[in-house]
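Visitor: Using the sequences and the hints given, assemble the complete structure.
The listed protein sequences derive, respectively, from chains S and W.
According to my numbering, the first sequence is numbered sequentially starting from 1.
According to my numbering, the second sequence is numbered sequentially starting from 1001.
Treat each hint with caution, since some may be false.
Claimed, not checked - Derived CB-CB ranges, DEER-like:
hint : chain 1 : residue 1 : chain 2 : residue 2 : range
1    : W       : Gln1083   : S       : Ile12     : 33 to 39 Å
2    : W       : Asp1081   : S       : Thr80     : 34 to 40 Å
3    : S       : Gln18     : W       : Gly1099   : 28 to 34 Å
4    : W       : Asp1081   : S       : Pro39     : 27 to 33 Å
5    : W       : Glu1052   : S       : Gly28     : 42 to 48 Å
6    : W       : Lys1070   : S       : Pro39     : 38 to 44 Å
7    : W       : Ser1030   : S       : Arg9      : 38 to 44 Å
8    : W       : Arg1110   : S       : Glu52     : 36 to 42 Å
9    : W       : Asp1081   : S       : Gln18     : 46 to 52 Å
Calculated from the structure, these hints are not laboratory results.
Here a beta-carbon is modelled for each residue, glycine too, at the ideal position from N, C-alpha and C.
Each chain, letter by letter, is given below.
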Amino acid sequence: KAGVTQTPRYLIKTRGQQVTLSCSPISGHRSVSWYQQTPGQGLQFLFEYFSETQRNKGNFPGRFSGRQFSNSRSEMNVSTLELGDSALYLCASSLVAGNQPQHFGDGTRLSIL
Amino acid sequence: AQTVTQSQPEMSVQEAETVTLSCTYDTSESDYYLFWYKQPPSRQMILVIRQEAYKQQNATENRFSVNFQKAAKSFSLKISDSQLGDAAMYFCAYRSATGNEKLTFGTGTRLTIIP
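Guide: Dropping the structure here:
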């Protein structure tokens, strides 16, 4: 069974641009969550999507948005990029059944110049 | 809001020895799940072990076991017979049982294995 796939693995952007990151969950997983990982703030929850609906959202500005498609694939968009948006963005998928854990992808390393 | 605290930024252990990583959490909920994830330099987060709060029995997965103290809100990870491949960042994480998948992570413990 293929794992969680995130593309691209690395991305370099400049301030003010926008970026879209993609996440394909494990087959059969309907929940996709996104996390931002930085040395200063650690791992922070961005949002969760389940059946194409945002079910939960972390404390991030409106520049961060996401969506989920009918095949459970998810995209995350960041507009008007700032230097502080440089981070590893991790996507995780899960079955949403009791104690089933989230399975993570390899992440997208976003660098803002 | 729930919080997770890992008070040991770094730990080291001799190969084949045992090490315990600490984690405490704060919550007003009675039903939840706790996880330990490891993140090697390859950066993928890998599930190590999970614990349901309603279970009194401590979870065990091969060389990994937990000491779950619900009243004390403590969830430590014990690694026995440490191996070089265990070197990684270890994150403790909390998830509510109320129907969303949000994980709240601790700040992590970097584990070094000394050959």
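Visitor: Which hint numbers does the structure go against, in order from smallest to largest?
Guide: 2, 5 and 6
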